[in-house]
Every structure is written in structure tokens, then in C-alpha cells.
Amino acid sequence: MDINEIKIVSGTDKNGNSESVEELTIRKGDILVLAGPTGSGKSLLLSDIEQLANGDSPSGRRVLVDNKVMDPFSMRITACLSQNMHFVMDLDVGSFIGLHAKSRKIETNNTVEKVLKQANDLAGEPLSADMHLASLSGGQSRALMISDAALISNAPVVLIDEIENAGINKTMGIQLLSTEGKMVLIATHDPTLMLTAQKRIIMKNGAMFRLIQSDDVERKHLKYFLEIDRVLEGFRHSLRHGNRLDEETLKRLVELEGANHEQ
Amino acid sequence: MRLITVSGPPSSGKTAVICRVIEALRQQAVKVGVVKFDCLSTEDDERYKSMGVLVRKGLSGALCPDHFFVSNIEACFHWGLDEGIDILISESAGLCNRCSPHIKDVMSVCVIDNLSGQNTPKKIGPMLKSADIVVITKGDIVSQAEREVFSFRVKNVNPRSTTMHVNGLTGQGAEELARLFAESSDVGGLGERQLRFAMPTALCSYCLGEKRIGEEYQKGNIRKMDI
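Taken in sequence, the protein lines are chains A and B. With the numbering used here applied, the first sequence corresponds to residues 1 to 263, in that order. With the numbering used here applied, the second sequence corresponds to residues 264 to 490, in that order.
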């Protein structure tokens, strides 16, 4: 399915007032971040796009695909990673992947193996085809959801809702999902992810409140955010594996802070 | 008057979906009435009343609920006509899974939810198999992949149905369903019409109140397992 752009024609906020951002166009290759407090309407905007809302959702928004109204059931243009941390279906992992591929008419060999391998590269703990879908841990579930969305739901529009909550490698997950030429929307609370996109929409009270174009000064922040992330990731890993913090680790942090002050 | 039969397993979201559809229909000034069928108890009629919807309630009690439905639906239809209702919706739970309230040439809907298990579309039989529209609910709780696998399962059981997703909480999808309701054909009357699927046959001693277990108490239409 080849799509060049998606246009979101605005609706209303939770109180019925018009949205301040009147129209939003997402083009091929765009990465757009949705930011805003919990309950500000990020997930609803994603679901409007997923279901190609036509004035029939609580927001009253309309989503046009290449300037046309589309029936969401006749075509599948989105791959979504929602906030769900667990599967509920009573199936083993292998059958589930197989069935999903079948429902998308993917007939290629070893789809199950490919999806599993990718999921295993993402997850901290291994998962296999004979495991029960509903009993996977949060990290395993999320890794499988990402791998499945990338390889089976492979679609021109990718919707990602709070990937940072998954306990998996978020950067790798985003890379896997947002391959070249896709339109990617990422709802997030994570400052690093917010700055990886050129544009971000700020949501407020259910509405698209402000569209911000990222600039060079913001980009310069990104370098430090990544460094802080890396340091925290190191501590996370260490603490999770039973290590204690000591004078040595504290010293490293203090040095790091000093270095940042000098710059 | 149009008549729509809505069925589906307990707690699948029938009432929530119908309420959302009614909200959408009201914007077009369509007068809607509901007949709620249940077995032992229901408070859903209160929910409809609080929305200002005309409602009748039928509890089957000790009777087979679908037999109860078919013996009362015609009178309900006349009630709807007397009240000047444009669209009458009958809502009944799936009950024993063997039955279906769907009537030939009367629009029929089955409501089923994403959480009900991937074998449920097969299990619930004629009420899904013979429905014109299958509404899948609770899509916000599961992953996209699960939604797709589930609707694939539904399509396998009933390939000719229109399958759609409605969110009973937000109302997403309800407008489309309301449009289908409004476009259904006018049902002149129910006399001489037929059910799409025969009711279960049961005429045995237990139907008549027998409680004791044992060969000598089993009379009438009895079937034995091959063990």
C-alpha cells in the first residue's frame, strides 16, 4: 500500500472547544512525537488515526489518507503498538504468530521463527514458540508486540504509544518499527524520544494544542539527554543484577556532573 | 418499523453498544425502543430508562429463554408499533450458545468481545453464524495483533457478515452501526416469519421439574453420550 500523506482535520477538546492546531499533515518519512500529561489525549489521537476516524470518535476528528476518506476495514495502513503490556488470547506464541500472519495473508516460510528471533533480540528474557501467550512477562509481551508489528503488521503508518514503559530497549524498538519511508507517530513522556523527532504536537485536554518544530538548540540538548540515559541505563542494569552502589559509583556521578558544569 | 435482533454472550457489551447506537440515532431524530430479554434478572432496563428510551423487559425465569423470546417477540413488535417507534431493538443474552433469536429477513447483530477467547466465535454457534453484522468490542484492551486474529476467527465462522469494531466506552464505531440500523428494511409484521435457526429440542422429564438423577427418572427426549 503506497501512501504519501495523512491529514488530520481537527475536532474538539474534551469540553467541545475547537482544537488550536487546525490541521496536521504527516508525510512519508516524517517522525512526529505526541507529548502532554496523562489524559491529555495522546492515545485517542493515535486511535483516531488507527481507525481512520471520520467525525465518529469522541474528538470529532477526520483523518484523510491522500486527501480521501478511507474505510478502515477495507485497508490496513497502520501498525500499532498500544500501551497494553500483556496479551490476553489463549494461544501459544507460535500459533498466535502463525494465525496473525495468515490473517494478513502472509504466506512466507519461517515467519514464526523470524518474529521470534526479532522479539528475542529485544527482550531481556528469552521467549519461545511453545510458551503461552497470556503468561508472557511485560517485557516479553512488549518485545513480541514490537516484533509482530514490525514484521507482520508491516504498514506505511506506525503508531507507538509509550514504548518506554516496556522494560525493553526503546531505541532499538523504535528503529525496528520506523524503517525508512514510514510515517511514525510516537506518544511519549520520555524527553530523549521527544527530541528525536523534528516535530512534536503538544496535547492538552484532549486537543492538539501546539505544534513545535525542533531546532538546533534543542538538538544540542539531545546529546546530553542520551548521555544521562546511558548513565542511568548502566545503573539500571547494575542494580537489577544485584549490585550495590558504593563510593566508587558515587564518585563517577560527581565527576560526570562536574564535567557537565564545565561545558 | 424496523426491528433489529441483538444477541451475544453475557457481558460482551451489548447494552453499551446499543446505548451508543441510540445516541447516534437520536441525532437524526429517530425514535428507538428496546426490549430486553434475560433469564433471571437484569437492571439494563433502568439504564435505558435513564436515557429516556422506551423499554420493555422480559424475564424467562424457569423457561428456555429463546423459546420465551420467540413466543413474545410478536407482541413486543405490536407494542413498538403502538408507541410509534421507528427502530425497535431486541436485546438477548447468548444464554446456552445453542440458540439464536435471529429472524429471516430481519437485521441481526451478534456482539462478541475480544477478551472472550479465540475459540469463542466457533463455540457460540448460530447467534454468530447466522448474524448479518458481528460487532467486536473491547478492542482497546488488546493488542492490534489480537484484534486482527480475533476478527479473522469471526470471519472464518461467518464469512458473509459485516464485521465491525465498536468501542462501548467511547462510542467509536457506533455511528457506522447506527447507519446500518437506519438503512435496514422496514419489517411489516412478524406473523408467518421464520427463525433463522431451529430452537433446541428438549422435552424430557427434567423439563417438567424432575430433579432426581437416575435412568428410571429419564423420560422423553433423552440422548446418551458414547462412553
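Fair warning: there could be bad hints in the mix.
[Said to hold, decoys possible] Cβ-to-Cβ under 7 Å is the rule here; a few derived chain B residues that face chain A:
| hint | residue |
| --- | --- |
| 1 | SER334 |
| 2 | ASN335 |
| 3 | GLU337 |
[Stated by the list, open to error] Over the 10 Å line for every Cβ pair with chain A, so calculated as not near, a few chain B residues:
| hint | residue |
| --- | --- |
| 4 | ARG289 |
| 5 | GLU309 |
| 6 | GLY324 |
| 7 | ALA338 |
| 8 | HIS341 |
| 9 | GLU346 |
| 10 | ARG361 |
| 11 | GLY380 |
| 12 | PHE415 |
| 13 | ARG423 |
| 14 | THR433 |
| 15 | GLU438 |
Please keep in mind that the hints were generated in silico from the structure rather than gathered at the bench. A virtual CB, placed ideally from N, CA and C, is assigned to each residue, including glycine.
Quick rundown of the hints versus the structure:
1. SER334: At about 37 Å, which exceeds the 7 Å cut-off, the nearest Cβ of chain A leaves the hint on SER334/B violated.
2. ASN335: Check failed: Cβ of ASN335/B comes no nearer than 34 Å to chain A, outside 7 Å.
3. GLU337: violated (34 Å)
4. ARG289: holds (15 Å)
5. GLU309: Given that every Cβ of chain A is farther than 10 Å from that of GLU309/B, nearest at about 25 Å, it holds.
6. GLY324: Check passes; 34 Å lies beyond 10 Å.
7. ALA338: Given a closest Cβ separation of 35 Å, the condition holds.
8. HIS341: Check passes; 34 Å lies beyond 10 Å.
9. GLU346: Given that every Cβ of chain A is farther than 10 Å from that of GLU346/B, nearest at about 29 Å, it holds.
10. ARG361: At about 22 Å from chain A, ARG361/B clears the 10 Å cut-off, so the statement holds.
11. GLY380: Given a closest Cβ separation of 5 Å, the condition is violated.
12. PHE415: Since the minimum Cβ distance to chain A is about 4 Å, PHE415/B lies within 10 Å and the statement is violated.
13. ARG423: It holds; ARG423/B is separated from chain A by about 15 Å at its closest Cβ, greater than 10 Å.
14. THR433: violated (5 Å)
15. GLU438: violated (4 Å)
In terms of the numbered hints stated before, the structure departs from hints 1, 2, 3, 11, 12, 14 and 15, listed from lowest to highest.
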